[in-house]
Amino acid sequence: MPKVIYEGPDEALIVGGVELSRGVPVEMRSTEARAAAAFAGVRIDDEGSRRRPQAEEGQEE
Numbered sequence: 000m001p002k003v004i005y006e007g008p009d010e011a012l013i014v015g016g017v018e019l020s021r022g023v024p025v026e027m028r029s030t031e032a033r034a035a036a037a038f039a040g041v042r043i044d045d046e047g048s049r050r051r052p053q054a055e056e057g058q059e060e
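Quick note on numbering: numbering that gives the first Met the number 0 labels position 57 of the sequence shown as 56, and the sequence is numbered without any gaps.
Since the hints were made in silico from the structure, they are not lab data.
Please note that the accuracy of each hint is not assured.
Claimed, not checked - Taking lysine to any residue and the SDA-like style, the derived pairs with C-alpha atoms no more than 25 Å apart in a straight line are:
no., residue 1, residue 2
1, Lys2, Asp45
2, Lys2, Phe38
3, Lys2, Gly22
4, Lys2, Val14
5, Lys2, Arg33
6, Lys2, Ser20
7, Lys2, Gly15
8, Lys2, Val17
9, Lys2, Asp44
10, Lys2, Glu31
11, Lys2, Ser29
12, Lys2, Val25
13, Lys2, Val41
14, Lys2, Arg28
15, Lys2, Leu12
16, Lys2, Val23
17, Lys2, Arg42
18, Lys2, Glu26
19, Lys2, Ala36
20, Lys2, Gly40
Fair warning: this is a prediction, and the values are worked out from it, not measured in the lab.
Model the full structure from these sequences, guided by the hints.
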């Protein structure tokens, strides 16, 4: 799931019943994350959903 991060001027923003505290990543469903990103100061960080498994140390690929 993507993470939404609020970077606005206030301490917190409530979007869809979820409180976003400044600088604290919150996991949301994709549709909710896109809706939250419509607000100024809110960005989506979906890097975690794109992460690929890495080979363990000592193993060859």
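Hint by hint, here is what the structure shows:
no.	hint	in the structure
1	Lys2 with Asp45	holds (6 Å)
2	Lys2 with Phe38	holds (15 Å)
3	Lys2 with Gly22	holds (11 Å)
4	Lys2 with Val14	holds (14 Å)
5	Lys2 with Arg33	holds (10 Å)
6	Lys2 with Ser20	holds (13 Å)
7	Lys2 with Gly15	holds (15 Å)
8	Lys2 with Val17	holds (13 Å)
9	Lys2 with Asp44	holds (5 Å)
10	Lys2 with Glu31	holds (10 Å)
11	Lys2 with Ser29	holds (9 Å)
12	Lys2 with Val25	holds (5 Å)
13	Lys2 with Val41	holds (10 Å)
14	Lys2 with Arg28	holds (9 Å)
15	Lys2 with Leu12	holds (15 Å)
16	Lys2 with Val23	holds (9 Å)
17	Lys2 with Arg42	holds (9 Å)
18	Lys2 with Glu26	holds (4 Å)
19	Lys2 with Ala36	holds (11 Å)
20	Lys2 with Gly40	holds (14 Å)
In summary, the structure agrees with every hint in the numbered list given earlier.
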